[in-house]
Structure formats: structure tokens, C-alpha cells
Amino acid sequence: NAGVTQTPKFRILKIGQSMTLQCTQDMNHNYMYWYRQDPGMGLKLIYYSVGAGITDKGEVPNGYNVSRSTTEDFPLRLELAAPSQTSVYFCASLRGGQGRVEQFFGPGTRLTVL
Amino acid sequence: ELKVEQNPLFLSMQEGKNYTIYCNYSTTSDRLYWYRQDPGKSLESLFVLLSNGAVKQEGRLMASLDTKARLSTLHITAAVHDLSATYFCAVDERGGSEKLVFGKGTKLTVNP
Chain A
2 NAGVTQTPKF RILKIGQSMT LQCTQDMNHN YMYWYRQDPG MGLKLIYYSV
52 GAGITDKGEV PNGYNVSRST TEDFPLRLEL AAPSQTSVYF CASLRGGQGR
102 VEQFFGPGTR LTVL
Chain B
19 ELKVEQNPLF LSMQEGKNYT IYCNYSTTSD RLYWYRQDPG KSLESLFVLL
69 SNGAVKQEGR LMASLDTKAR LSTLHITAAV HDLSATYFCA VDERGGSEKL
119 VFGKGTKLTV NP
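Read top to bottom, the protein sequences are chains A and B. Residue numbering for the first sequence follows our numbering, starting at 2 and increasing by one per position. Residue numbering for the second sequence follows our numbering, starting at 19 and increasing by one per position.
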């Protein structure tokens, strides 16, 4: 199993551009999450999904959109990129259910908006 | 709203010494997680604590959970340089979505 994979690893955007951060997991996990990590800070939840077709906002959803059409994929869309979205983005997944509560994290995407 | 506080935020210690990192949280929860992050890397799961009084140990690290005090500790025994990293605690927000709220992290530096 590859676990949780994210692409791209690095990206530089200009203000106002758009992009999609890809996240795929091959563990058949129901739950998936997008976090952002600003320098010297913990992780903040952007969006999450409890299954295909179901998504909900986290703590900092403004400027982002998500979709979950399959169990495996959970892309994060940035529309009209702003410097405040410069951050490292982590995707995570979790199986859920009794005893299966550990979140597995992807390697991250480092995004800079100039 | 669940808040998670870690202290200290920065910790510089000598090899061979012991120290404890504290994680306090503001509302009832019975699930707490500890993660390690090396610079420029992703998060690595260290411990999952699922009940009051839970204690888990791995090498020189030991984590415990007191749900009544809303407190978890990560104890480091006889620190070595390889333990230098940032350590995060995260608390399950409850409600069935398995959402986590993270502390700001403790940056640990172990000096020879």
C-alpha cells in the first residue's frame, strides 16, 4: 500500500491563480481530511469528508473547495489564490469504527502564493 | 469550542536528561493523539490514548492521559539527539466525524 499520496510536492502560484491539490489513499478509508500548517503552528482543519459524496467545513474553509466523488480521492481546490494561503497542506485519512481511530498523513504540499 | 494548549512551546535539553511536555484541553474528550514531525516532513503517529488512565510507552517516550484533569503528558527519559523534533498533541473533537484539534506543538532540541 502506498498509504496517502499528495501531488504536487511544491507549487508557486501568482495571486489570483487557481489550482487543485490532489490527495489519494489506497487503504479504503472512509474519512479524509485537509489541513494547513502555517510556520511554527499546529495543523488547522480546512475540510473533511466522512465518505464519498459527503463533505463538510472545518475551522478555516474560506478560499477553498473540496469534492469527494470516490472513496480514494479527495482533491482540494484553491480559487483566486491569495498570499494568506501560503502554507503547507496535509491530507489525512482514517478508517473509522471501533478501535480504528488513527489518522494517516500524506507527505504534504508546500504552496507559495506570490 | 475545543482548545488544545501545549507547553512548553520550545524545549532545549541536554542529552541524558528527563523532561515532560504537557497537553491541556478545554472540553470533554477521551481520545488523544501524539505526533512527531521532523523539519520539512509529515506527521508520524506516536501514541493513541483512548481512555482515562491510558499509558503507552515506546523507547524513551511515555504518554499518559487523565481525562478528568483534561491533561496528557509526554515524558522523555534520558533524551538523545535523535529525539529532536516537534511534538504535537491532538484531541478528538467528538461528534462522529473524528475531527482533531491540534496544539501548537513543542519544538524539542536535544543538545549533546
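FYI, nobody ran anything at the bench for these hints, they're computed from the structure. These numbers were taken from a predicted model, which means no experiment stands behind them. A portion of the hints provided could be inaccurate.
To be verified - Below, computed lysine to aspartate or glutamate pairings styled on EDC-like, alpha-carbon distance capped at 16 Å: (1) A:Lys45 <-> A:Glu60; (2) B:Lys59 <-> A:Glu80; (3) B:Lys122 <-> B:Glu23; (4) B:Lys125 <-> B:Glu62; (5) A:Lys45 <-> A:Asp57; (6) B:Lys125 <-> B:Asp56; (7) A:Lys45 <-> B:Glu23; (8) B:Lys21 <-> B:Glu62; (9) B:Lys125 <-> B:Glu23; (10) A:Lys45 <-> B:Glu19; (11) B:Lys74 <-> A:Glu103; (12) B:Lys21 <-> A:Asp57; (13) B:Lys125 <-> B:Asp100; (14) A:Lys15 <-> A:Glu80; (15) B:Lys122 <-> B:Asp48; (16) B:Lys86 <-> B:Asp48; (17) A:Lys58 <-> B:Glu19; (18) B:Lys125 <-> A:Glu80; (19) B:Lys122 <-> A:Glu60; (20) B:Lys59 <-> B:Asp100; (21) B:Lys122 <-> A:Asp39; (22) B:Lys74 <-> B:Asp84.
Claimed, not checked - Computed footprint of chain B on chain A, listed as stretches where at least three residues anywhere in the stretch have a Cβ under 8 Å from a Cβ of chain B: (23) 14-20; (24) 80-86.
All C-beta atoms in this analysis are idealised placements derived from N, C-alpha and C, irrespective of residue type, glycine included.
Kindly indicate which numbered hints from before are broken by the structure, ordering the numbers from low to high. 2, 8, 12, 15, 18, 23 and 24
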